[in-house]
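Put together the whole structure using the sequences plus the hints.
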Amino acid sequence: AQSVSQHNHHVILSEAASLELGCNYSYGGTVNLFWYVQYPGQHLQLLLKYFSGDPLVKGIKGFEAEFIKSKFSFNLRKPSVQWSDTAEYFCAVNAGGAQKLVFGQGTRLTINP
Amino acid sequence: GAVVSQHPSWVICKSGTSVKIECRSLDFQATTMFWYRQFPKQSLMLMATSNEGSKATYEQGVEKDKFLINHASLTLSTLTVTSAHPEDSSFYICSAWLSSQETQYFGPGTRLLVL
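Note that the protein sequences, when read in sequence, are chains F and B. The opening position of the first sequence corresponds to residue 1 in our numbering, with each subsequent residue numbered one higher. The opening position of the second sequence corresponds to residue 1 in our numbering, with each subsequent residue numbered one higher.
Please keep in mind that the hints were generated in silico from the structure rather than gathered at the bench. Just so you know, even glycine gets a beta-carbon here, dropped at the ideal spot from N, CA and C. Each hint should be verified, as a subset may be incorrect.
In silico DSS-like pairs for lysine-lysine, Cα to Cα no more than 30 Å straight-line [said to hold, decoys possible]:
1) B/Lys64 to F/Lys71
2) B/Lys41 to F/Lys49
3) F/Lys49 to B/Lys66
4) B/Lys41 to F/Lys58
5) B/Lys55 to B/Lys20
6) F/Lys100 to F/Lys58
7) B/Lys14 to B/Lys55
8) F/Lys100 to B/Lys55
9) B/Lys66 to F/Lys100
10) F/Lys69 to F/Lys100
11) B/Lys14 to F/Lys69
12) F/Lys58 to F/Lys69
13) B/Lys66 to B/Lys20
14) B/Lys41 to F/Lys71
15) B/Lys41 to B/Lys14
16) F/Lys58 to F/Lys71
17) B/Lys14 to B/Lys64
18) B/Lys41 to F/Lys61
19) F/Lys71 to F/Lys49
20) B/Lys55 to B/Lys66
21) F/Lys69 to F/Lys49
Quick list of simulated restraints, FRET-style, between CB atoms [said to hold, decoys possible]:
22) B/Glu52 to F/Gln2: 20 to 26 Å
23) B/Glu87 to F/Gly28: 35 to 41 Å
24) B/Glu59 to F/Gln42: 23 to 29 Å
Put into structure tokens, the structure is as follows:
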């Protein structure tokens with residue numbers, strides 16, 4: 001069965017710090033990878049996704065993620081975080097062609113001004 | 001684009017009553033919608049996959065008779081929590097599958113409190 005691990009449960013950073021949130025999945029076949037963000041009191045929003053092609057994908061709000069197939073990883077990065085990036089971040093995977101998503105446990109990001 | 005709404009946004013009900021939650025895709029058609037449950041400070045747990053015109057597919061451990069799902073049109077799925085109990089209190093989130101983007105888009109969620 002597919003599984004997704006987000007090793008960082010809660011990350012606390014200061015504004016302007018660089019961010020990297022880890023995401024690893026277990027599935028041997030083709031996968032589609034997603035990062036969603038849930039701001040306090042709001043619904044999940046798609047940050048970025050990877051299906052194929054360039055393993056470095058850019059999303060909204062300055063976020064990017066790199067797919068490393070050999071490591072089964074899809075880490076989320078941002079060079080300089082802002083207070084407004086405080087939110088819960090979820091990595092999700094579906095087996096290529098499937099619609100059902102498997103979510104990681106989520107990482108709570110707190111940015112101190 | 002790709003907006004999904006849920007109604008109501010929150011509901012309080014007495015134990016033993018039934019509650020219906022609606023999920024609508026506002027600007028696209030969705031043959032498939034999903035229902036999740038999210039506990040405080042936890043991830044989303046998939047409850048069921050709602051298929052337009054056919055029966056929903058429930059995840060292991062989810063009682064189909066308790067959580068009734070109806071997907072009557074390409075833009076509407078409903079989740080009815082029957083004979084609700086306090087342990088059903090939770091945050092229920094739906095999503096709709098946008099096939100052209102192979103992506104799920106999420107609704108804002110419904111907070112249910114059963115007294």
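Status of each hint after checking the structure:
1. B/Lys64 to F/Lys71: Not OK: B/Lys64 and F/Lys71 at ~38 Å, beyond 30 Å, violated.
2. B/Lys41 to F/Lys49: With Cα atoms ~23 Å apart, B/Lys41 and F/Lys49 stay inside 30 Å; holds.
3. F/Lys49 to B/Lys66: Cα-Cα ~34 Å, so violated.
4. B/Lys41 to F/Lys58: With a Cα-Cα distance of about 27 Å, the restraint between B/Lys41 and F/Lys58 holds, given a limit of 30 Å.
5. B/Lys55 to B/Lys20: Given that 30 Å is the threshold and the Cα spacing comes to 17 Å, the pair holds.
6. F/Lys100 to F/Lys58: holds (23 Å)
7. B/Lys14 to B/Lys55: Distance of about 28 Å is within 30 Å: holds.
8. F/Lys100 to B/Lys55: Measuring from Cα to Cα gives roughly 16 Å; hence the hint holds.
9. B/Lys66 to F/Lys100: Holds, because 22 Å separates the two Cα atoms, which is no more than 30 Å.
10. F/Lys69 to F/Lys100: Status holds; Cα separation ~21 Å.
11. B/Lys14 to F/Lys69: violated (50 Å)
12. F/Lys58 to F/Lys69: holds (17 Å)
13. B/Lys66 to B/Lys20: holds (12 Å)
14. B/Lys41 to F/Lys71: holds (28 Å)
15. B/Lys41 to B/Lys14: holds (25 Å)
16. F/Lys58 to F/Lys71: holds (20 Å)
17. B/Lys14 to B/Lys64: Holds: B/Lys14 and B/Lys64 sit about 21 Å apart, inside 30 Å.
18. B/Lys41 to F/Lys61: Measuring from Cα to Cα gives roughly 24 Å; hence the hint holds.
19. F/Lys71 to F/Lys49: holds (17 Å)
20. B/Lys55 to B/Lys66: Holds, at roughly 15 Å.
21. F/Lys69 to F/Lys49: Within the cut-off at roughly 15 Å; holds.
22. B/Glu52 to F/Gln2: 20 to 26 Å: holds (25 Å)
23. B/Glu87 to F/Gly28: 35 to 41 Å: holds (37 Å)
24. B/Glu59 to F/Gln42: 23 to 29 Å: Holds: the Cβ-Cβ distance is about 25 Å, inside 23 to 29 Å.
Violated hints for the displayed structure, listed by number in ascending order: 1, 3 and 11.
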